Amino acid sequence: MPGTARKATMAALLAGTVMVVPALGDESAELVIDGEVFVTRTEAPEHMDYISEISSGWLFRSAETQAVQMDDFDNPGMLYVDGGLEEWTNVDGSEGQSCASCHDDAESMAGVRTRMPQVNADGELWAMEDYINNCRTERMGAEAWGWESADMLNMTSMISYQSRGMPVDVQIDGEAAEYWEQGREMYYTRYGQLNLSCANCHEDNYGNMLRADHLSQGHVNGFPVYRLKWAGVGSIHRRLRGCISDTRAETFARGSDELTALELYVASRGAGLSVESPSVRN
Amino acid sequence: MAAAPALADVVAPGDVVFGEYGEVETSLTGVPGDSAAGREAFINRGLGNCLACHENSEMSDQPFHGEVGPMLDGVGDRWSEADLRGIIVNSKNIFPDTIMPAFYENAGFINTREDLIGETILTAQQVEDVVAYLMTLQD
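Residue numbers (my numbering), protein chains in the order written: chain A, 1 to 282; chain B, 1 to 139.
Just chain A, with the same shape it has in the complex (with noise of 0.2 Å):
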């Protein structure tokens, strides 16, 4: 097991006793997948006051779960990507037409998670969940798929797997900007009996141990993420759903407006990282 002691000073307190340490990856590996190298650390955005170098979840990780990552063909995540390339092609609906019917290849989809969330034409932000249903409903003549289900994890894998090492780019300006900021007092929002903002964990405490787990600075470049404890990918809303149930506060739905505002301000914080998805995390 390479339980290696994270500091100096836990080394000698540990000496001789049988405390458990949690298995650290190295936070200096780089991040090479079929020889591309990710951009997992580089400057922070210039809307950022209290952090000047942004780090991607993968380097918080075990240097098991950073190699799963590392290997498509150990990462479960691609299977999702499998099922969502099945379906891409799937004529479902009234219309009688796929997602390929209009957008030809998947590898059209390019770039579109790099500047997920996004607002649509008449001004709403909308998650790449709500441009999928979008499709769907109003094309295809089909029905939403659940923002959770097996569907849905699918088409948001693939297609942000075409993005896969394109940095993450959402515009913050302009229409976006009161969603922007929505998002921002949601992250310096202490919520919960526990009263503790998103800011307390991934900005204050990035780095340190909170109890078994590795603090990153909790960016969503690597999603949907394949979670050793969910096993299975998982979207975007529900890990922020969970994060903020842990400060034992009610939370908000998936797909809320508020979660969406979320999301966005807090993909802008990992501006510049690469996108990652399908990522793993423990």
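What the hints contain is simulated information worked out from the structure, not anything from laboratory work.
Since we're looking at a predicted model, the values are computed, not measured.
From the three backbone atoms N, C-alpha and C, an ideal C-beta is built for every residue, glycine too.
Please note that the accuracy of each hint is not assured.
Said to hold, decoys possible - Quick list of simulated restraints, FRET-style, between CB atoms: (1) A:Asp257 with B:Arg45: 28 to 34 Å; (2) B:Ala36 with A:Ser52: 42 to 48 Å; (3) A:Val37 with B:Gly118: 49 to 55 Å.
As the list claims (entries may be wrong) - Negatives, chain A to chain B, calculated, CB over 10 Å: (4) Leu31; (5) Ala110; (6) Val112; (7) Gly123; (8) Asp130; (9) Thr137; (10) Glu138; (11) Asp173; (12) Glu181; (13) Asn205; (14) Arg227; (15) Gly234; (16) Gly272.
As the list claims (entries may be wrong) - A few chain B residues facing chain A, derived, Cβ under 8 Å: (17) Leu51; (18) Ala52; (19) Gly66; (20) Val68; (21) Ala102; (22) Asn111; (23) Arg113; (24) Glu114.
Please arrange chain B on chain A, whose structure you already have, making use of the hints.
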């Protein structure tokens, strides 16, 4: 059998009297804290979960100590019992804006989970138990 304190003797969350520095001189229950029960509450994820944030050598039998707050070795030497009670009840009086939750407050939170509205994280007696345990952590 130790008698449970009559409800009238328990200081309600909103009625706790803080000193100039945020310390709380008077016991919340009048019943001496049980340090063994306090140790349990310190570990228990549904109670204090203090270990999530604090390292504590006395508990090296426990896996996974947090690093968010200071190490608590010798904390019973560094602080008085009244200070420690104040830190557990609501450490924000002593450390403004701290991440550390207030363990004996039941109001002023945003979007609290419905079943927890009006509830404190620890009961008055559990606060006393944790204080008693912390007092055993001497250098």
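Hint check results:
For the pair Asp257 (chain A) and Arg45 (chain B), the supplied restraint of 28 to 34 Å holds, since their beta-carbon distance comes to about 32 Å. A hinted range of 42 to 48 Å for the beta carbons of Ala36 (chain B) and Ser52 (chain A) is consistent with their spacing of about 46 Å. Between Val37 (chain A) and Gly118 (chain B) the beta carbon distance is about 53 Å. The supplied range of 49 to 55 Å therefore holds. With 10 Å as the threshold on Cβ separation, the claim that Leu31 (chain A) sits away from chain B holds: the shortest Cβ distance comes to roughly 25 Å.
Remark: the non-interface label on Ala110 (chain A) is consistent with the geometry, its nearest Cβ contact in chain B lying 38 Å away (cut-off 10 Å). Every CB of chain B lies more than 10 Å from the CB of Val112 (chain A), the least distance being 32 Å, so the non-interface label holds. Its beta-carbon lying about 27 Å from the closest one in chain B, Gly123 (chain A) satisfies the requirement of being farther than 10 Å from that chain. Listed as outside the interface, Asp130 (chain A) is consistent with that label: its C-beta sits roughly 24 Å from the nearest C-beta of chain B, beyond the 10 Å cut-off.
With a least CB separation of 31 Å from chain B, Thr137 (chain A) remains clear of the 10 Å interface cut-off, as annotated. The Cβ of Glu138 (chain A) sits about 34 Å from the closest Cβ of chain B, beyond the 10 Å cut-off, so the non-interface label holds. For Asp173 (chain A), the requirement that its beta carbon stay farther than 10 Å from each beta carbon of chain B is met, with the minimum near 28 Å. Non-interface status of Glu181 (chain A) relative to chain B is upheld: no Cβ of that chain comes within 10 Å, the nearest being about 18 Å off.
A Cβ of chain B approaches the Cβ of Asn205 (chain A) within 10 Å, the least distance being about 5 Å, so the stated non-interface status is violated. The claim that Arg227 (chain A) is not at the interface with chain B holds, since no C-beta of that chain comes within 10 Å of its own (minimum 19 Å). Annotated as non-interface, Gly234 (chain A) keeps its C-beta farther than 10 Å from every C-beta of chain B; the closest such distance is 21 Å. With a closest Cβ-Cβ approach of about 27 Å to chain B, Gly272 (chain A) is found to remain outside the 10 Å limit, as its non-interface label requires.
A distance limit of 8 Å between C-beta atoms decides the matter here; for Leu51 (chain B) the minimum to chain A is near 6 Å, and the interface restraint holds. At about 4 Å, the closest approach between the beta carbon of Ala52 (chain B) and any beta carbon in chain A falls short of 8 Å, and the interface hint on this residue holds. Because the smallest distance between the Cβ of Gly66 (chain B) and any Cβ of chain A comes to about 5 Å, under 8 Å, the interface hint for this residue holds. Because the smallest distance between the Cβ of Val68 (chain B) and any Cβ of chain A comes to about 5 Å, under 8 Å, the interface hint for this residue holds.
At its closest, the beta carbon of Ala102 (chain B) sits 7 Å from a beta carbon of chain A; the interface hint therefore holds under the 8 Å criterion. This hint holds: Asn111 (chain B) has a C-beta 4 Å from the nearest C-beta of chain A, less than the 8 Å allowed. A hinted interface residue such as Arg113 (chain B) counts as satisfied when its beta carbon comes closer than 8 Å to some beta carbon of chain A; here the least separation is about 5 Å, so the hint holds. Hint status for Glu114 (chain B) relative to chain A: holds, with the closest Cβ pair at about 6 Å, below 8 Å.
Checked against the numbered hints given earlier, the structure breaks only hint 13 and satisfies all the rest.
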